[in-house]
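**Student:** For reference, the chains in residue letters:
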Amino acid sequence: AQKVTQAQTEISVVEKEDVTLDCVYETRDTTYYLFWYKQPPSGELVFLIRRNSFDEQNEISGRYSWNFQKSTSSFNFTITASQVVDSAVYFCALSEAPYGNNRLAFGKGNQVVVIP
Amino acid sequence: GAGVSQSPRYKVAKRGQDVALRCDPISGHVSLFWYQQALGQGPEFLTYFQNEAQLDKSGLPSDRFFAERPEGSVSTLKIQRTQQEDSAVYLCASSSVDPTFNYGYTFGSGTRLTVV
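As they're listed, the protein sequences go chains A and B.
Note that my numbering numbers the first sequence so that position 110 is 110, with each residue one more than the last.
Just add 116 to the spot in the second sequence (first one is 1) and you have my numbering.
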């Protein structure tokens, strides 16, 4: 069975501070896919990144970066120089297939509050 | 359309009432998912369609929940004899199976159901 753990429930940071969100996953599959989604107050889940289990390269996209460590089953997400617009709930998710063929298993989410 | 559209945006139902929630996926998307998101939790899988075929309904919590996608596009999630524990946001997601499409799953804004 797949399982995703996001231990921190709410994280408050002052604007311009960095914030790191931890995600630990469990799966028996050798091929799997990891996602991060952002859920602003409007409720829609906004796709941030997809990473497959064979690609352990870290990725940076603007102020966002992701650290995938297969050895520790972790896929952590860092927001650098946080802004008020980053305030949202962030979900880590796991799937056996990247496109439409399998369900996503979500963690409970991290509520990020950026204080101006 | 450009995104996944869900209606209504909000629904208040009296306990025992039947409700129908609609999802309009991205045109041409083969796969469609329904998720249930309780307050403060991550989304939980309900059911999955590939075209008009319902391939997985293992997440439906009871036989009061029923989903259909008769023509392989629009889907309806129906809840009969609603109960207070059905109060949640119901999210719909669609996906292409084209591996060149990098976004994975695209989510709608959800329907917030409140049972009183």
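Don't read these hints as lab results, they were simulated from the structure.
Treat the hints loosely; a few may be bogus.
Claimed, not checked - If we take Cβ atoms under 8 angstroms as the criterion, some of the chain A residues that face chain B in the derived model are:
1) 41
2) 43
3) 45
4) 63
5) 68
6) 86
7) 87
8) 103
9) 104
10) 106
11) 107
Note that CB positions come from ideal geometry on N, CA and C, so glycine has one too.
**Student:** Is the hint on residue 68(A) kept, meaning its closest Cβ partner in chain B is under 8 angstroms away?
**Tutor:** 16 angstroms, violated
**Student:** Take the shortest C-beta to C-beta distance between residue 104(A) and chain B; is it under 8 angstroms?
**Tutor:** 7 angstroms, holds
**Student:** So, as I understand it, the hint says residue 87(A) touches chain B; can you test that by seeing if any CB pair is closer than 8 angstroms?
**Tutor:** Because about 16 angstroms separates residue 87(A) from the closest Cβ in chain B, which is outside the 8 angstroms limit, the hint is violated.
**Student:** Residue 107(A) was flagged as interface toward chain B. Is the shortest Cβ-Cβ separation under 8 angstroms?
**Tutor:** Holds, because the Cβ-Cβ distance from residue 107(A) to chain B comes to roughly 5 angstroms (cut-off 8 angstroms).
**Student:** Was the hint right that residue 45(A) lines chain B, CB cutoff 8 angstroms?
**Tutor:** Since the shortest Cβ distance to chain B is 4 angstroms, the answer is holds.
**Student:** Given residue 41(A) was flagged as interface, is its beta-carbon under 8 angstroms from a beta-carbon of chain B?
**Tutor:** 11 angstroms, violated
**Student:** Does the CB of residue 106(A) sit less than 8 angstroms away from some CB of chain B?
**Tutor:** 3 angstroms, holds
**Student:** Please check whether residue 63(A) passes as an interface residue: C-beta within 8 angstroms of a C-beta belonging to chain B.
**Tutor:** Violated: closest Cβ of chain B sits about 20 angstroms from residue 63(A), beyond 8 angstroms.
**Student:** Would the hint on residue 86(A) stand, with a C-beta cut-off of 8 angstroms toward chain B?
**Tutor:** Violated - the Cβ of residue 86(A) stays beyond 8 angstroms from chain B, reaching only about 19 angstroms at its closest.
**Student:** Quick check on residue 103(A) please, does its C-beta sit within 8 angstroms of some C-beta on chain B?
**Tutor:** 4 angstroms, holds
**Student:** Go through the hint on residue 43(A) and say holds or violated, using the shortest Cβ distance to chain B against 8 angstroms.
**Tutor:** 5 angstroms, holds
Against the hints set out earlier in the document, violations occur for numbers 1, 4, 5, 6, 7.
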